[in-house]
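Asker: Residues per chain are reported as follows:
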Amino acid sequence: MESISLFTFVEAAAVVVSSVSGMIKAAEKKMDLVGAYSLALLVSFGGGTLRDVLLNRRPFFWIENEVYLFVVLFVAIAFVYVPVFHKIAKLLHTRSNTVEATGLGLFSIAGLFAALNMGMPLFSASLMGVITGVAGGVFRDVVTNEIPVIFRYTGGLYAVASFVGCWVCIAFMFLLDAAFTGFIAGAASIVALRLMSVYFGVQLPRPLWVKDEE
Amino acid sequence: MESISLFTFVEAAAVVVSSVSGMIKAAEKKMDLVGAYSLALLVSFGGGTLRDVLLNRRPFFWIENEVYLFVVLFVAIAFVYVPVFHKIAKLLHTRSNTVEATGLGLFSIAGLFAALNMGMPLFSASLMGVITGVAGGVFRDVVTNEIPVIFRYTGGLYAVASFVGCWVCIAFMFLLDAAFTGFIAGAASIVALRLMSVYFGVQLPRPLWVKDEE
Amino acid sequence: MESISLFTFVEAAAVVVSSVSGMIKAAEKKMDLVGAYSLALLVSFGGGTLRDVLLNRRPFFWIENEVYLFVVLFVAIAFVYVPVFHKIAKLLHTRSNTVEATGLGLFSIAGLFAALNMGMPLFSASLMGVITGVAGGVFRDVVTNEIPVIFRYTGGLYAVASFVGCWVCIAFMFLLDAAFTGFIAGAASIVALRLMSVYFGVQLPRPLWVKDEE
Chain A
7 MESISLFTFV EAAAVVVSSV SGMIKAAEKK MDLVGAYSLA LLVSFGGGTL RDVLLNRRPF
67 FWIENEVYLF VVLFVAIAFV YVPVFHKIAK LLHTRSNTVE ATGLGLFSIA GLFAALNMGM
127 PLFSASLMGV ITGVAGGVFR DVVTNEIPVI FRYTGGLYAV ASFVGCWVCI AFMFLLDAAF
187 TGFIAGAASI VALRLMSVYF GVQLPRPLWV KDEE
Chain B
7 MESISLFTFV EAAAVVVSSV SGMIKAAEKK MDLVGAYSLA LLVSFGGGTL RDVLLNRRPF
67 FWIENEVYLF VVLFVAIAFV YVPVFHKIAK LLHTRSNTVE ATGLGLFSIA GLFAALNMGM
127 PLFSASLMGV ITGVAGGVFR DVVTNEIPVI FRYTGGLYAV ASFVGCWVCI AFMFLLDAAF
187 TGFIAGAASI VALRLMSVYF GVQLPRPLWV KDEE
Chain C
7 MESISLFTFV EAAAVVVSSV SGMIKAAEKK MDLVGAYSLA LLVSFGGGTL RDVLLNRRPF
67 FWIENEVYLF VVLFVAIAFV YVPVFHKIAK LLHTRSNTVE ATGLGLFSIA GLFAALNMGM
127 PLFSASLMGV ITGVAGGVFR DVVTNEIPVI FRYTGGLYAV ASFVGCWVCI AFMFLLDAAF
187 TGFIAGAASI VALRLMSVYF GVQLPRPLWV KDEE
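Just so you know, the sequences run in chain order A, B and C. Each residue of the first sequence is one higher than the one before, counting from 7 in our numbering. Each residue of the second sequence is one higher than the one before, counting from 7 in our numbering. Each residue of the third sequence is one higher than the one before, counting from 7 in our numbering.
Fair warning: there could be bad hints in the mix.
Same chains, same names: a pair is fine if it fits in one copy or spans any two.
[To be verified] List of simulated lysine-lysine pairs, BS3-like, C-alpha gap at most 30 Å:
no., residue 1, residue 2
1, Lys35, Lys217
2, Lys93, Lys35
3, Lys36, Lys217
4, Lys36, Lys93
5, Lys217, Lys96
6, Lys96, Lys35
7, Lys93, Lys217
Please keep in mind that the hints were generated in silico from the structure rather than gathered at the bench.
Required output: the full structure, derived from the provided sequences and hints.
Answerer: Right under this line is the structure:
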């Protein structure tokens with residue numbers, strides 16, 4: 007029971023943060039309200055929906071909790087038409103890496119929890135966390151005709167951050183039996199790793215095909 | 007029973023109209039027969055298949071009614087190789103907005119009906135109508151490397167038209183208990199709204215981020 | 007029983023060949039390890055996962071056989087960091103059509119077998135083979151922001167090769183009751199047709215809209 011309410015909290019936070027990240031992109035592309043709402047839905051629900059399809063889990067979390075649809079709608083209306091949120095969007099634009107990293111962290115852990123609840127083996131469950139975390143952003147980039155960050159060489163640590171964070175969370179859950187601490191520690195390591203990578207240029211070792219060129 | 011046969015009729019009409027809309031795009035991109043057939047399948051079955059995956063509804067409508075696969079194949083062969091259809095395609099090219107709007111209208115209502123039949127709450131069902139209506143076009147634009155119209159600022163009313171039409175249909179069904187009239191009225195409002203938007207420039211209020219630039 | 011182990015063998019071969027085809031693309035785009043691994047997963051598991059989603063077949067073949075995830079990971083690490091595999095990748099780069107054709111052949115037949123095992127009618131099953139065969143490549147091209155080969159006029163026989171090969175396999179299975187020979191003959195005809203098309207320019211008859219321009 008407790009793990010379910012923790013799970014709901016993680017998911018709700020992930021939805022709000024991701025819809026804001028969708029709005030930043032919508033502003034950049036000058037979308038109208040519907041484009042912005044659709045993009046926010048895609049970023050917020052894309053990863054979780056893909057996870058639920060892969061796990062064959064029904065009803066979807068956004069049908070079970072229809073309120074999510076309205077939350078994202080209010081976020082979209084606010085950012086598109088309400089001046090004070092418009093100012094917030096401008097401020098957040100320069101912080102878009104932080105917003106995105108937070109969404110990545112929350113959704114990765116939410117995906118991991120859902121997969122573990124369904125009884126998946128650990129390695130598959132951690133990959134499911136990564137898929138849930140990155141899919142929203144991949145969908146967003148595909149529909150706006152950009153190459154998703156995960157496939158760009160200059161993208162930095164992204165899926166790796168999610169993967170490491172999932173295993174941090176797994177370690178807390180199974181070694182220390184501390185799910186809540188695991189969630190905090192896992193999500194925090196994802197955000198930290200991602201931002202370190204962006205601001206200090208931490209990357210995976212260079213592939214041989216890149217070295218070739220130098 | 008009656009609602010099922012109405013549903014089948016709506017779906018069949020939607021498949022034919024959408025496959026023609028796929029052929030117009032295929033002609034524009036100079037695809038060969040297979041490209042044209044695949045694109046027509048994607049536009050015609052993409053939205054309904056996504057709907058069935060989301061609703062966990064099996065078998066898919068195009069497996070239940072395998073004849074649809076052949077209908078689309080005949081449409082593709084006709085437009086690719088038969089001179090008289092080739093002439094029709096050229097005429098339709100200048101009417102591609104009308105063809106697309108009709109497909110949007112029919113598939114939105116078909117998606118709405120399917121979701122209501124599965125017992126979804128009204129708001130989710132109307133969103134399912136919108137998803138079914140717009141998904142085919144989104145897939146088509148993604149595989150031909152364009153930004154889907156729904157995410158373009160200059161796209162005009164598209165998802166909104168679908169959403170409004172779904173609620174027109176819902177009103178007729180639940181207030182007047184008239185499913186057939188609801189289908190006609192709903193689909194007609196979608197087509198009308200979409201075309202009004204294209205030809206008279208009806209749009210949503212400008213977002214703040216667009217006003218900023220002026 | 008025997009048909010199951012044949013099926014597993016076909017699937018395993020398809021996964022390895024496809025992950026190598028993913029690495030060739032990853033090298034071309036200078037991706038890092040995670041990008042390369044993700045792309046290899048998408049090419050190797052994309053088609054089969056789409057097939058399993060469409061067939062509502064669970065667990066996915068890569069969850070049932072978690073070892074596949076590690077096989078692809080080893081392929082990715084090898085090609086990204088181990089000099090001898092890096093040299094192999096360079097050699098394969100000039101043979102990328104052959105690698106891709108082999109993946110197409112193996113996955114098409116694997117998709118066909120899975121669909122027949124689920125009791126699908128023949129025509130739908132052969133289309134499921136085509137979808138399984140081409141989907142990995144379509145996903146790969148969509149995320150790397152290219153138009154999938156199946157939708158390009160100059161692409162040559164691709165889905166057609168897969169379709170013909172599926173029917174060759176069906177003929178052997180149902181007329182001669184020879185599943186293994188059918189698999190060999192089917193996959194071989196797909197590879198042969200695809201390569202003939204690439205190297206000798208075999209194509210479908212030109213559509214009317216292409217003739218118009220000449």
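Asker: All the hints need checking, so say for each whether the structure fits it.
Answerer: Hints and how they fare:
For the homomeric pair Lys35 and Lys217, the shortest alpha-carbon distance between copies (13 Å) is at most 30 Å, but the shortest distance inside one copy (35 Å) is not. Taking the shortest alpha-carbon separations for Lys93 and Lys35, only the intra-copy value of 17 Å comes in at or below 30 Å, while the best inter-copy value is 38 Å. In this homomeric assembly, Lys36 and Lys217 come within 30 Å of each other (Cα to Cα) only across copies, at 10 Å, whereas the closest approach inside a single copy is 39 Å. For a Cα distance limit of 30 Å, the shortest separation of Lys36 from Lys93 inside one copy, 15 Å, qualifies, whereas the shortest one across copies, 38 Å, does not.
In the homo-oligomer, the alpha carbons of Lys217 and Lys96 lie at most 30 Å apart only across protomers (14 Å), although the nearest pairing inside one protomer, at 39 Å, exceeds that limit. Taking the closest pair of Cα atoms, Lys96 and Lys35 come within 30 Å of each other only inside a single copy of the chain (13 Å); across copies the shortest separation is 33 Å, beyond that limit. Taking the shortest Cα distances, Lys93 and Lys217 sit within 30 Å of each other only across copies (13 Å), while inside one copy they are farther apart (44 Å).
Hint violations for this structure: none, all hints satisfied.
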